[in-house]
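**Q** Fit chains E and V to the known structure of chain F by using the hints.
Listed below, chain by chain, are the residues.
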Amino acid sequence: MTGSKIRNGMTRLVPYAFILPPMIYLMVFMFWPLARQMYMSLTNTKIINPNRGRFIGLGNYERLFDDPAFYLSLKVTLLYAVLAVIFGVALGVISALAIDRPFKGRSIVRAILLFGWAVPNVAASLIWLWMYNDRSGIFNRITEFAGIGRFGWLTSIDLALASIVAVTVWQVAPFVMLVVLAALQSVPHEVREAARIDGADGLSTFRAVTLPHIRPAVQLASLLVCVWSIRRFDIIYLLTGGGPVGTTSTLVVKIRQTAFEGHELGMASAYGAVGLVLALAIAAVHYLAEQRRMKWMSR
Amino acid sequence: MLKVLRYLLIGLLVVLAGFPVYWMATTALSLNSELYGTGQVIWPQLQNLPELWRELGQVPIGLWLFNTLLIAAGGTVLSLTLGSLAGYALSRFRFHGKGLVGFLLFMTQVVPEALILVPLYAMFITFGLLNSLIGLVLANVGFSLPVACFVLKGAMDAVPYEIEESAIIDNCPRFSVLTMIILPLIMPSIAAAAVVAFFAGWNEFLFASTFLMDRGNWPASVGLASFVGQYETPMSAVMGAALVFSLPAVVFFLLIQRKIVAGLTAGAVKG
Amino acid sequence: MLKTIHRRNFLAATAVLSLALAASTADVSYAQSGEKVTLRIANSQWLDALRGKNLWAVVQKYQEVAPNVTLEQEAIPSAEFADKLTTEMGAGQGPDIAIMQEGVFYAMADAGFLVDVGKAAEGVKLNKTNDNGMIDGTRYGIAWQRAAYAMIYNKPVLDAAGAKVPTTVEELIASAKAASAKTPGVIGFSARHQMNDLSGWYMDFQSWAYGYGVNWVDKDGKLTIDTPEAVAAVAAFKQTYDSGIIPIGDSMPTQRTRFKEKHVAFSIDNSGGTLNIASGGALASADIGGAAMPFKNPGAHQQIFLGVSEHSKNQDEAIKFLAWLLTEPAQKALREASGPDALATDVPVSEAYAAANPWAPTFVKLAENSRSTLIPGYEVETMEIMRFVMQAVEKVILSNVDPKTALAEAQSAVDKQF
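Chains as they are written, first to last, in the numbering used here: chain F, 138 to 436; chain E, 194 to 464; chain V, 502 to 919.
Chain F on its own, in the form it takes in the complex (with noise of 0.2 Å):
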């Protein structure tokens, strides 16, 4: 009688024996310094003394809402984020759909179809960097060879975040196509011989049997890359450095430029602050509609 409420006593604390250990390991190297570089958008530290910050309150907030380089990169940021986003997914589905089916060589294709995401940031920006050149690029000789002219593909004004997005994508679709392919290939082969042999076509196939199959699938590795995109810096960094006139800005590059440009580490977490709020309700509208979807499903 005793040993069993012993035992009924200590197995209500065994979830927290296992959730502790990753939890603690967070809060040191995560939330702790997120909390710091959160109180710091409210002084005015530089980044050369960390530590000599004057409190001011929401002077910093003040200071970014009134300044239209923000505004800029909030736009750049959700821009760049949406473009990331559909154009990622649409191409990670149709690799996914494209290679479903088994065929010769099919290892080969799908490796070949991970580099983008295989291949690390630093060496992908050199190599697009190089690709995208005005003078040596291949690109330009492509173009200048079909005859339309030279384009400035990272330094004009109206191509920058184009181009930016192209390589976010090819770096981005082989996660959407792994995650969805996950999906596809637990779509058991039986249903969709079953649709076939019932008559319908390949889109109906698609729309009524294997688009449900996909769709958590797809929320999830959309959700991932509308965030990751908020989050990315890498890349745009190295290949326009947020120029040209702002047009590749990010939230996140922005941060770096007034952190370790401007010096001001105080003025950067509050870009910071700004950006991690906007992942923030991202997140929660999917989470509230995935709420609202299990609840309905559950009715």
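Simulated from the structure, these hints should not be mistaken for laboratory data.
Any given hint could be a false lead.
List of simulated lysine-lysine pairs, DSS-like, C-alpha gap at most 25 Å [claimed, not checked]:
| hint | chain 1 | residue 1 | chain 2 | residue 2 |
| --- | --- | --- | --- | --- |
| 1 | V | K629 | V | K833 |
| 2 | F | K183 | V | K537 |
| 3 | F | K183 | V | K917 |
Which chain V residues stay away from chain E? Per the calculated CB distances, all over 10 Å, these [said to hold, decoys possible]:
| hint | residue |
| --- | --- |
| 4 | L548 |
| 5 | N569 |
| 6 | L572 |
| 7 | K656 |
| 8 | A675 |
| 9 | W702 |
| 10 | K723 |
| 11 | A736 |
| 12 | E829 |
| 13 | N870 |
| 14 | K905 |
| 15 | T906 |
Covered stretches of chain V (chain F as the covering partner; in silico rule of three or more C-beta atoms under 8 Å from a C-beta of chain F) [what the hints assert, rightly or not]:
| hint | stretch |
| --- | --- |
| 16 | 580–590 |
| 17 | 740–753 |
| 18 | 889–896 |
Glycine residues also receive a C-beta, built at the ideal position from the N, C-alpha and C atoms.
**A** Just chains E and V, lined up with the frame of chain F:
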């Protein structure tokens, strides 16, 4: 007809995905005079291989790759360990603060590295972790732990409770249930989570370039970036190094890609 | 349950052990006691092929006269140098000695991270390149190198086109175009033109600005961005950009590599960059010509200083190193590795060198009147101020904003912040 279209599509996708890497190889095998002047040759010129080898020999790329491997592997092991603990807790238990934990774990995915760079730097000085690979691993795991957790949780969700039920009734400690029953069943997902964590560590640049002072500790990402010197960009050598840097990751990927695809099944569907 | 406890202990022990290991390795670079000392010297030049090796060889000679000292490199790529050093010093870490561009030097001194190195300069005949190393009466830095800006050109390409060495911007455009037309594949003029390259671009642009007589502050110490001289300088740059002679999108390292491969006719560069172009590329040093820049007034120079860190545990040893660097043998050795850059003491370029490198004397001459890239009175904030200016320039060259409007905007932005 449809089949032909499908093969055309696949061909197009392969070109889109593979061309940049092909171009890396071609550029690496070109001479500077061709690259900067007369026009790059579009076929890989294998006869330039010895020259490329010589240029690469001038940088400690072996050491860089070794450091990168340590960072990536260390991060993977730690992420999987902590991630499986968290995943199991979220999958199998109900407890106070569960929602908060899930939220916090997700939040890590939206935190930009640049934002915690400086406080982390200060903290590492206190712990004496600056300029060490271990410090880098610890910094990276903060970001890959939650991903591992979610992937593994998804997989665990798909494992029916009945499988552990009998073990639990027999008073098997939950921890052993995790390690001896659950984990072996979700190997594919573990592989998937491992890949994500490995790549994150392999790729990482910002923390590495800030926290490391000794050139001997540089991972390849920092080493490669240092190549873009103040005075000149030896493009062929840079591309050669970039290829060498990318290859191991790609190979590793190829080796476990079957498992990955299967592994993400359990996660994504329930996602 | 028992298993769990064992595992946790093991994990904890491992964690403690690895932290301890990491901590102990982190300590090794600091001197333990008394005799053996290690000095860490940070410089972005260590990473430059050939030049970095030569400079390091010079520095290492110190170990011959002071055998108890070991010198270590801290190599930071130039694009990250300012960031990295700032973060390190801000956190109480960093090298013992830093070799820094003027702007970074000022920022470090302003933050109190550098120590008084006056002792190193005792009894040494320092030349004027050391002037800015003295701040408010205390000497915080010793000059390492001063690299003036000049116009350089590819002699064979020019001769083939029969183009003349330009003395104005219009002539530059004409000559550059002639050169490109005559020898296909040759680029007319290489220059920085992107915000990506800001830390280098603003320094390069100072030559244009000063060339048109710009003063960024007036005699009352007020920042004057929107001046007729500045408008003229920006307009001249725009004219050059629009003429198509600049390879749009190339970073300066790429452009320099092109120059090395004989594919560029003209450039405006400092002596350090030119030294690199002249070494180890397809273009022979004897084929590089130097001339005054096509502006009416003298241009700018890049000044590099050595400073000793406040956080260093070996400040005295570091100052001794600086003192040694100022001795005649060391300066002579440094001269050999520094091309025509002006050094802390007057060490003339040898005649043999001048003969073999016809561009060198031009730089020496121009260094006599060149101006610092920093804004007097606003040394620490120069890069931030110039950021607004360069953003204006970028707007002018990329969209069709006229220089006066863009500079006026820059002026109001600067006024708001300073």
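**Q** All hints are to be evaluated individually against the structure, with a verdict given for each.
**A** Against the structure, the hints:
1. With a C-alpha separation of about 18 Å, the suggested pair K629(V) and K833(V) falls inside the 25 Å cut-off, and the hint holds.
2. Annotation: proposed proximity of K183(F) to K537(V) is violated, straight-line Cα distance about 36 Å (limit 25 Å).
3. The hinted pair formed by K183(F) and K917(V) meets the criterion: a straight-line CA distance of about 18 Å does not exceed 25 Å.
4. A cut-off of 10 Å between C-beta atoms contradicts the statement that L548(V) is not in contact with chain E; the least separation is 6 Å.
5. Here N569(V) stays apart from chain E, with its beta-carbon at least about 22 Å from theirs, past the 10 Å limit.
6. With a cut of 10 Å on Cβ distances, L572(V) stays outside the contact zone with chain E, its closest approach being about 14 Å.
7. With 10 Å as the threshold on Cβ separation, the claim that K656(V) sits away from chain E holds: the shortest Cβ distance comes to roughly 17 Å.
8. Distance to chain E confirms A675(V) as a non-interface residue, since its nearest Cβ pair spans about 23 Å, more than 10 Å.
9. Distance check on W702(V): its Cβ is at least 13 Å (rounded) from any Cβ of chain E, clearing the 10 Å threshold; non-interface status holds.
10. Every CB of chain E lies more than 10 Å from the CB of K723(V), the least distance being 34 Å, so the non-interface label holds.
11. No beta-carbon of chain E is positioned within 10 Å of the beta-carbon of A736(V); the least distance is around 30 Å.
12. No beta-carbon of chain E comes within 10 Å of the beta-carbon of E829(V); the shortest separation is about 28 Å.
13. No Cβ of chain E comes within 10 Å of the Cβ of N870(V); the nearest lies about 25 Å off, and the non-interface call holds.
14. For K905(V), the shortest C-beta to C-beta distance to chain E comes to about 34 Å, beyond the 10 Å cut-off, and the non-interface label holds.
15. Every beta carbon of chain E lies more than 10 Å from that of T906(V), the smallest distance being close to 33 Å; the non-interface claim holds.
16. Check on the stretch 580–590 of chain V: 5 of its residues sit with their Cβ under 8 Å from a Cβ of chain F, so the three-residue criterion for coverage holds.
17. Check result for the stretch 740–753 of chain V against chain F: holds, 4 residues qualifying (beta carbon to beta carbon below 8 Å, three or more required).
18. Coverage of a stretch by a chain is defined here by at least three residues with a beta carbon nearer than 8 Å to that chain's beta carbons; for the stretch 889–896 of chain V and chain F the count is 3, and the condition holds.
Violated hints, in rising order: 2 and 4; the structure is consistent with all others.
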